[in-house]
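Based on these hints, arrange chain B on the given structure of chain A.
Each chain, letter by letter, is given below.
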Amino acid sequence: MDAAAPVMNDLSSPPQTQQIDLDATDQAIIDLLRKDGRMPFRAIARALDVAENTVRARVRRMEESDTMRVVAVTDIEAAGYGMLLAIGVQVEGRSPETVARELAAIAEVFSVNVVVGAQDIEILVVAEDQAALNILITDKLGAIPGVRRLTPALALDVLKNQPDWVPFHAA
Amino acid sequence: MRRKLDGADRAIVERLSRDARVSNREIAEQLGVTEGTVRGRVKRMEEEKLIRITAVTNIDRFKDAALAYIWIEVERSGQTREVAAKLAEIAELGFVGVMLGRADILAITMVRNAEHLAEFVHQRISVIGGVRGTRSTLGVNFIKHDYRMARIVS
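Sequence lines, in order, name chains A and B. Counting from 1, position 153 in the first sequence corresponds to residue 152 in numbering that gives the first Met the number 0; the numbering is continuous, with no gaps. Counting from 1, position 80 in the second sequence corresponds to residue 79 in numbering that gives the first Met the number 0; the numbering is continuous, with no gaps.
Quick caveat, the hints were computed from the structure, so don't treat them as lab data. Each hint should be verified, as a subset may be incorrect.
As the list claims (entries may be wrong) - Below, computed lysine-lysine pairings styled on DSS-like, alpha-carbon distance capped at 30 Å:
(1) B:42 / B:3
(2) B:85 / B:48
(3) A:34 / B:3
(4) B:85 / A:139
(5) A:34 / B:48
(6) B:42 / A:139
(7) A:34 / B:85
(8) B:3 / B:48
Remember, predicted model here, so these are calculated numbers, not experimental data.
Extracted from the complex, chain A is given alone in its bound form (with noise of 0.2 Å):
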């Protein structure tokens, strides 16, 4: 875990705040930072042949009502995780819901969705290797009251992971 610490605290809840309506410059400033998060506001202005300071004041207004941020992502190797993996959870005798918010405040799960199917929630975790895979699965997650199974695939090769939309009332 301290390989990674410094890069996986956890996110503290931001404020409620209003929702906007977003134009197409929004759009087209969001795609731009999307391909290069620090292009600067002046050079984004002239791509878009808008004011330097309309570009300024659309970011400002899109990162205060929380929706968008430019953000640094690490790579999951790089941060010391040498395993990912996509988990089944099953649920019996609590809400899925309170199952999945004490998932979502383990670390190493990184991404908490309750579904609908066979499944009661999806989450996809990370481990450095096997030992700390197997006191993931088996003393931190099986251990949460609620969680009946777990069956989990190991990613062998990830192609694409691009995950552009989030929540940010991250856990």
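Coordinates of chain B only, in the frame set by chain A:
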């Protein structure tokens, strides 16, 4: 194997993972290093694909957006890589992984509803040569996604 971030890299990334629009100078002042050090390390980490600086948008801000997990089985195991490569070209898919267990490939996308999911799978996934069958799961509540972590591929 990609190299692991060292302590100085991690300190910079920690700052950038909260707000990557912060200037190199500000990071340098906070960490007590030169601006050139910050600039050089950020550039190197980006070039080595250890980090990616990008905009992420809040899924809660989009009406009728749900995450869908699509589990794909291929006709023959030897086709897995080829099918996964074709899937990775589909812009709407945010994740494509070759899996061990549950199915051959996992693809994740964002859809409006169950109908949209069925249409997407039917028109875009099932038509790919080598796809034997799919199983889809629709998310009803997206509780967490730590956007600071991903497998950086391209």
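query = Hey, residue 34 (chain A) versus residue 48 (chain B), does the alpha-carbon distance stay inside 30 Å?
reply = holds, 14 Å
request  = Would you check the hint for residue 85 (chain B) and residue 48 (chain B), treating anything up to 30 Å between C-alpha atoms as holding?
outcome  = Judged against 30 Å, a Cα distance of about 22 Å means the pair holds.
task = Decide if the proposed pair is consistent with the structure: residue 42 (chain B) and residue 3 (chain B), CA atoms, cutoff 30 Å inclusive.
result = Holds: residue 42 (chain B) and residue 3 (chain B) sit about 15 Å apart, inside 30 Å.
query = Is the hinted pair residue 3 (chain B) and residue 48 (chain B) satisfied, with a Cα-Cα distance of at most 30 Å?
reply = holds, 11 Å
request  = Sort out whether residue 139 (chain A) lies within 30 Å of residue 85 (chain B), counting only the CA atoms.
outcome  = Since the Cα atoms of residue 85 (chain B) and residue 139 (chain A) sit roughly 36 Å apart, the hinted pair is violated (cutoff 30 Å).
query = Given the hint that residue 42 (chain B) pairs with residue 139 (chain A), does the C-alpha gap stay at or below 30 Å?
reply = Violated, at about 37 Å.
inquiry  = Run the distance test for residue 34 (chain A) versus residue 85 (chain B): straight-line Cα separation, threshold 30 Å.
reply    = holds, 22 Å
key: Hinted pair residue 34 (chain A) and residue 3 (chain B), Cα distance within 30 Å   = Status holds; Cα separation ~24 Å.
Checked against the numbered hints listed earlier, the structure breaks hints 4, 6; every other hint is satisfied.
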